[in-house]
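Student: Here's the letter readout for the chains.
There are 2 protein chains.
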Amino acid sequence: MNNNKISIVTIGHEILIGQIVDTNSAWLGEKLTETGMSPYSIISIADDEQQIIETLQSLSQTHDMVLMTGGLGPTKDDITVRSIAKFLDVPLVFFEEVYERIVHIFQKLNRPLSDSTKAQCFLPEGVEILHNSMGTAPGMLFRKDGFTLISMPGVPYEMKAIYLESVLEKVILPLIQKNIIQKTLLIAGKGETEIEDLLEPVISTLPSGYSVAYLPGLGQVRVRLTAVSDYKNGELSAEFEHYISLFENILGNSIFGTGDTNLEKVLGQLCVSHQLKIGTVESCTGGNVAARLASVPGASEYFTGGLVAYTNDIKKNIVGVSDHTLEIYGAVSEETVKEMVNGGLRILGSDIVISISGIAGPTGGSEEKPVGTIWLAVGNKNHTETKKLNLGKKREQNILLSAQAALNMLRLFILRYY
Amino acid sequence: MNNNKISIVTIGHEILIGQIVDTNSAWLGEKLTETGMSPYSIISIADDEQQIIETLQSLSQTHDMVLMTGGLGPTKDDITVRSIAKFLDVPLVFFEEVYERIVHIFQKLNRPLSDSTKAQCFLPEGVEILHNSMGTAPGMLFRKDGFTLISMPGVPYEMKAIYLESVLEKVILPLIQKNIIQKTLLIAGKGETEIEDLLEPVISTLPSGYSVAYLPGLGQVRVRLTAVSDYKNGELSAEFEHYISLFENILGNSIFGTGDTNLEKVLGQLCVSHQLKIGTVESCTGGNVAARLASVPGASEYFTGGLVAYTNDIKKNIVGVSDHTLEIYGAVSEETVKEMVNGGLRILGSDIVISISGIAGPTGGSEEKPVGTIWLAVGNKNHTETKKLNLGKKREQNILLSAQAALNMLRLFILRYY
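Protein sequences appear in the order of chains A and B.
Residue numbers for the first sequence follow our numbering, so the first one is 1 and each next one is one higher.
Residue numbers for the second sequence follow our numbering, so the first one is 1001 and each next one is one higher.
Be aware that one or more of the hints could be misleading.
To be verified - Distance condition first, Cα-Cα at most 25 Å in a straight line; then the derived DSS-like pairs of lysine-lysine:
no., chain 1, residue 1, chain 2, residue 2
1, B, 1381, A, 316
2, B, 1277, A, 316
3, B, 1277, A, 265
4, B, 1381, A, 277
5, B, 1170, B, 1190
6, B, 1265, A, 393
7, A, 316, B, 1316
These are calculated hints, taken from the structure and not from any lab test.
Turn these sequences into a full structure, and let the hints steer you where they fit.
Tutor: In structure tokens:
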């Protein structure tokens, strides 16, 4: 842990009155923690000049750095800039570079410049501009007597761009005298403990400065490898990539992606590259798998459609599950999900069909088939694979976990047979 | 606005490092604002004795009240209780009433008492216990020299229960010397501005102490009426109900519920009470409507199932939309959604079917039918109604808004014909 005392300050009446939840601070807290510095405190205050100035005065006495977000837009209640100038005891001056950039953006968008836009270009004298690639209001950096103040807009994607493109490199890494490198692997089909056990032999050999975080979600785990090295030693990407490749060898096909993606997007890319059409036949998930597939732009290229066969009548009459199967094995059975796949292949015009039938709960279970019993099947005209899940009692969670497991089963099926 | 200076303090390392987002503060901020007091600041700090004590010492000098959450569980890093005792300069003493309640709860759950449970019963001497109906750790109330400190557990549903059951009545309302009464109407099918215009004649006649808030969401608006009266005047529920009934007369069927519900739950109750079976035939929403209907426990009583007819082949071969219609009018047309309803009624075993076909985007539009053109239809064997939406360019938003509009159309159809 680094000893720098850093706090995050978010400005905005809308946070105090609970109109919006302050996710910026959580994001910045996570990013700072990744570099080995946990924030000392997170403080949300109003768009109030006096309060902003008092907060900065008080923090500048005890802190090495304050990361501030919010209050930099063109509307009149955004008084952060004026407050910072008063705190710094400097005048506001016109920043030509900021103005030229805004003019350029507005020309491209064919929008007229308003007076309030020009007002945005008056910033505290001596402040260093942090480029905002996602908007017009720039970030600002100010250093004085060992205290560093960074001010960024409150719009999350603008704040994140400024942090990642400027603040991390210019301020944080030099401050902690470290380089940092990081990669996140997305895993489906294995739980956190299983992944930990599998990776243990590699993790025990990691050099100092490396750390692994497991971030579990519904039906997936994000595994994040972070390496921090001394600033003067330069980059460590070759060594880092070596360890990532060891992780990849161990986790193999359980890794469905890296960084910020999701299973449905990955499936979309797989379907496009293999020129495959897919379809769904769902019972207990009620259209969730179809809806996730359809959420991806361009899904109509590979998702032909689906059936939500909630009643046995639909399973029989449209999907073609036999009376015999439903009577002998029941709607929640391996036989039924197999016949659902076959029915889907017959009528949906898909190369591969995924089917799901289960008891989502909270009621409807029996001793033999308790709530949480879910059958999945994936098949094409040559192969069909099935899987049984034994989940819990919570309906919403059962539906989401089943949909996630179904999408992952479809992914593995494509990897195996195509 | 009330002049009491109140801040919210949340305790927890996991908030600072961004592992969890602090939603407690947003909730408390909203509740305080409803009573006319906006919080001065929201401060998140670590589970650190020194930091908790310093924060309390500093705030107690300038504030009327601090609402604190977090750090009251049985685990050893929860050091809030000890820190409060040191701040108050009182010893920890054993609270028999707290212990007996925990013993009672554990006996009912058939769980053994651990030492750490007993440790939870040592609280700062002189603190007033706030009953926690949802968990074992009680809330605490302390008053000294005009400063009030309230400490509640960080588990959101426990914190909310303590606030609503004890803090509001015991502390907040006496402090502001007010009574407060509130009701939220949920509106679909009308925008915020339209609702404002409709309600204006009533709102202009509201007595002082009444306020209206419009809280827009995707395809719905929450309209919240709040009345605050002097504490000594007692309750004002008859007058309040009078104004609510005026709102209800004006907004009529646009109101789908009150408080915390959603369209799919309301539809479920309607279907059960009218003994109706419903089904879906979706194109651009890709299963979203079906998934929302299926999300409600007990949905299998009234939701028979659905079709996701993404391709024209499925629209023709399974749903039975005619070649002629698809060729002359196209897949996104009033004629197609009508035939989708008829096809659904034929094969889904439902009394009422809802259908949707549109261009969700971001690409795929034409001059005649731009991205965001969505057709909806609802029908039974006697009536069919259609509606065209002209939405924007954003795929995700188009899908969610179309699904919401479809569910609301189904609701209005049931109210009209059953």
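Student: Against this structure, judge whether each hint is valid.
Tutor: Results of checking the hints against the structure:
This hinted pair checks out: residue 1381/B and residue 316/A have alpha carbons roughly 23 Å apart, not beyond 25 Å. Distance check on the hinted pair: residue 1277/B and residue 316/A sit about 18 Å apart at the alpha-carbon level, within 25 Å; holds. Distance check on the hinted pair: residue 1277/B and residue 265/A sit about 34 Å apart at the alpha-carbon level, beyond 25 Å; violated. About 34 Å separates the Cα atoms of residue 1381/B and residue 277/A, which puts this hinted pair outside 25 Å; it is violated.
Between residue 1170/B and residue 1190/B the CA atoms are separated by roughly 39 Å; this puts the pair beyond 25 Å, and the hint is violated. At most 25 Å may separate the alpha-carbon atoms for a hinted pair to count; residue 1265/B and residue 393/A meet this at roughly 19 Å. A C-alpha spacing of about 20 Å is found between residue 316/A and residue 1316/B, which places the hinted pair at or below 25 Å, so the restraint holds.
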